[in-house]
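S.K.: Now for the letters of each chain:
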Amino acid sequence: MSTSLTASSTGGHLRRWQRFTPGERVMRSTFYLAVLIAIVWSFESIEIIPEFLYDAPQQTVDLFARMWPIDWAWYSKVVHAALIETLHTATLGTIFAVALASAVALLVARNITRSVVLNTIGRFILVATRSVHAMIWALFFVAMFGPGALAGTMAIAVHSIGFTGKFLAEAIEEAKSGPIEALTATGAPPLAILLKGYWPQVKPAFLAIAVFRWDINVRESAVLGLVGGGGLGMALETALSNLYWDQAGLVLVVIFAVVIVTEIVTAWIRSRII
Amino acid sequence: MSAPPSAAARRVAFPPNWPARIAFVALAIYVAYASTILDISWARFVAGFGHGARFIARMFPPNIAADKLQLLASGMLESLQIAIIATAAGVLISLPLGLAAARNLAPLPMAWAARALVALFRTFHPVIIAILFVKAVGFGALAGMLALIVASLGFLSKLVAEAVEEMSMQPVEAVRATGAPFLSLVIMAVLPQVMPRFIGFSAYQLDANLRNSALVGLVGGGGIGATLFTAFQRFDYDFVLTIVLAIIAAIMLGEIVSGFMRRLFQ
Numbered sequence: 000m001s002t003s004l005t006a007s008s009t010g011g012h013l014r015r016w017q018r019f020t021p022g023e024r025v026m027r028s029t030f031y032l033a034v035l036i037a038i039v040w041s042f043e044s045i046e047i048i049p050e051f052l053y054d055a056p057q058q059t060v061d062l063f064a065r066m067w068p069i070d071w072a073w074y075s076k077v078v079h080a081a082l083i084e085t086l087h088t089a090t091l092g093t094i095f096a097v098a099l100a101s102a103v104a105l106l107v108a109r110n111i112t113r114s115v116v117l118n119t120i121g122r123f124i125l126v127a128t129r130s131v132h133a134m135i136w137a138l139f140f141v142a143m144f145g146p147g148a149l150a151g152t153m154a155i156a157v158h159s160i161g162f163t164g165k166f167l168a169e170a171i172e173e174a175k176s177g178p179i180e181a182l183t184a185t186g187a188p189p190l191a192i193l194l195k196g197y198w199p200q201v202k203p204a205f206l207a208i209a210v211f212r213w214d215i216n217v218r219e220s221a222v223l224g225l226v227g228g229g230g231l232g233m234a235l236e237t238a239l240s241n242l243y244w245d246q247a248g249l250v251l252v253v254i255f256a257v258v259i260v261t262e263i264v265t266a267w268i269r270s271r272i273i
Numbered sequence: 000m001s002a003p004p005s006a007a008a009r010r011v012a013f014p015p016n017w018p019a020r021i022a023f024v025a026l027a028i029y030v031a032y033a034s035t036i037l038d039i040s041w042a043r044f045v046a047g048f049g050h051g052a053r054f055i056a057r058m059f060p061p062n063i064a065a066d067k068l069q070l071l072a073s074g075m076l077e078s079l080q081i082a083i084i085a086t087a088a089g090v091l092i093s094l095p096l097g098l099a100a101a102r103n104l105a106p107l108p109m110a111w112a113a114r115a116l117v118a119l120f121r122t123f124h125p126v127i128i129a130i131l132f133v134k135a136v137g138f139g140a141l142a143g144m145l146a147l148i149v150a151s152l153g154f155l156s157k158l159v160a161e162a163v164e165e166m167s168m169q170p171v172e173a174v175r176a177t178g179a180p181f182l183s184l185v186i187m188a189v190l191p192q193v194m195p196r197f198i199g200f201s202a203y204q205l206d207a208n209l210r211n212s213a214l215v216g217l218v219g220g221g222g223i224g225a226t227l228f229t230a231f232q233r234f235d236y237d238f239v240l241t242i243v244l245a246i247i248a249a250i251m252l253g254e255i256v257s258g259f260m261r262r263l264f265q
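Protein sequence lines, in the order shown, are assigned to chains L and Z. Just so we're aligned: the first sequence equals residues 0 to 273 in numbering that gives the first Met the number 0. Just so we're aligned: the second sequence equals residues 0 to 265 in numbering that gives the first Met the number 0.
Careful, some of the hints might be misleading.
[Claimed, not checked] Across the chosen pairs, the derived CB separations fall in these ranges: (1) L:Trp40 / Z:Val30: 45 to 55 Å; (2) L:His79 / Z:Met187: 52 to 62 Å; (3) L:Val25 / Z:Phe48: 23 to 33 Å; (4) L:Met26 / Z:Glu165: 40 to 50 Å.
Derived from the structure by calculation, the hints contain no laboratory data. We put the CB at the ideal spot given by N, CA and C, even for glycine.
Please model the complete structure; the sequences and the hints are all you need to start from.
M.R.: Spelled out as structure tokens, the structure:
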């Protein structure tokens with residue numbers, strides 16, 4: 000990256016042309032050094048048990064050998080219901096998330112809430128919900144509501160607030176002030192200003208964000224069951240703890256298919272509606 | 000424009016938007032329907048909030064006893080190491096894999112094979128990959144590391160391939176015309192064009208790996224996730240709070256570092 004170009008100038012002596020200022024070069028070199036040190040340190044001190052590695056190829060072969068043939072009969076017994084549960088968890092979670100995030104986004108958007116304190120509180124809610132992963136939220140909600148889809152739905156909803164709210168707030172802040180001022184001048188109440196001034200402007204972004212988050216949430220809700228959040232993850236957990244790898248293989252195939260189909264559906268919605 | 004609006008039109012400035020109303024009602028019906036399917040009811044909510052209050056009461060104050068802090072530190076360090084190694088390995092492997100998946104440089108059959116592999120890596124959640132690696136290489140940091148490497152490859156290789164496909168082909172043709180071998184072509188014509196974007200992606204991936212390294216531990220992949228899961232199972236809720244706060248702090252710190260990294264190389 001540190002290509003240096005040389006150019007001769009009048010007067011016979013060489014002038015060096017450099018792409019980066021000395022400060023930038025020092026920063027970059029320091030950064031590269033820091034990266035190198037971090038990598039070496041990680042390799043030196045991470046605990047890896049070499050004995051486990053010796054039979055890894057064997058174990059991997061064994062893993063796939065046990066999955067085959069896949070137990071298709073288990074689909075109608077357990078996996079189909081789990082699949083439906085996962086889809087509803089993702090969808091309902093997204094709906095709740097969008098509802099909650101809209102409220103927080105209104106709090107965060109500086110052109111709606113003109114209070115730095117309230118903006119900061121809203122921003123803190125966004126960062127806090129986003130930083131804790133859906134699976135960790137699921138651990139909490141399982142402790143609150145008991146295992147099942149309710150915990151999973153709440154985990155999806157709360158975790159998605161951060162992402163959805165952040166983009167919604169940005170969309171609201173980008174709204175043009177013209178229609179808003181026009182409505183304000185007529186003496187319209189705040190709700191009418193929101194509904195007729197802001198909503199038409201943020202609607203496309205709003206729908207795009209919701210669909211995008213739904214796509215992510217389908218993936219996430221498929222694994223929430225591993226910690227008790229219901230759905231496909233629960234079926235996978237059951238199969239794994241019973242060591243029925245042929246059933247686990249079926250769940251993996253179903254998750255794969257669902258993720259692919261979801262991606263196709265969201266791509267279609269995005270190209271058609273938004 | 001010039002014709003004055005009729006009296007009826009003037010009275011209704013905003014005519015009722017029937018499609019939107021119907022969509023709203025349909026949404027409400029779906030919420031009610033899905034709630035019954037998932038056994039979500041107000042009674043369970045209320046009961047849950049009762050549990051939640053007790054649960055939160057047990058989380059305060061966060062446990063900062065010396066032995067717990069030591070557990071926390073070793074878990075966090077292991078997660079950090081997992082994230083760093085996974086990102087470094089992911090970056091190293093994703094360059095060749097991304098080049099192999101770029102349709103303008105690699106022969107088409109190879110490009111499609113590489114694309115299929117990358118798509119497979121991207122489809123599965125890191126947690127599921129971690130479960131498979133825990134079976135293959137046993138419990139511990141190695142399984143988590145391998146899972147995150149696979150996840151990083153799925154993300155980075157796709158972006159490398161896209162960046163290579165979007166780059167200008169003129170430098171490539173110029174270098175090719177000199178009869179340079181393929182490696183020189185990559186170093187002199189391809190890398191200078193994709194490198195700035197690639198460093199941005201890598202910074203983002205480090206961020207993502209830091210988040211996900213807390214997850215893979217939940218299924219046996221080592222790191223802070225393992226510490227968290229153990230604390231949950233032992234009902235050490237005050238320690239759980241300490242761990243979660245530490246994770247949030249680490250992720251925020253990671254965001255600052257990766258933001259700094261992106262600015263440095265822009």
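S.K.: Now tell me if each hint is right for this structure.
M.R.: Now the hints, each set against the structure:
A beta carbon spacing of about 50 Å between Trp40 of chain L and Val30 of chain Z agrees with the range 45 to 55 Å that was offered as a hint. Evaluation of the 52 to 62 Å hint for His79 of chain L and Met187 of chain Z yields a pass: the beta carbon distance comes to about 55 Å. Val25 of chain L and Phe48 of chain Z have their C-beta atoms about 55 Å apart, which leaves the hinted 23 to 33 Å range violated. The given range of 40 to 50 Å is broken by Met26 of chain L and Glu165 of chain Z, whose C-beta atoms sit roughly 28 Å from each other.
The structure is inconsistent with the numbered hints 3, 4, although it conforms to all the rest.
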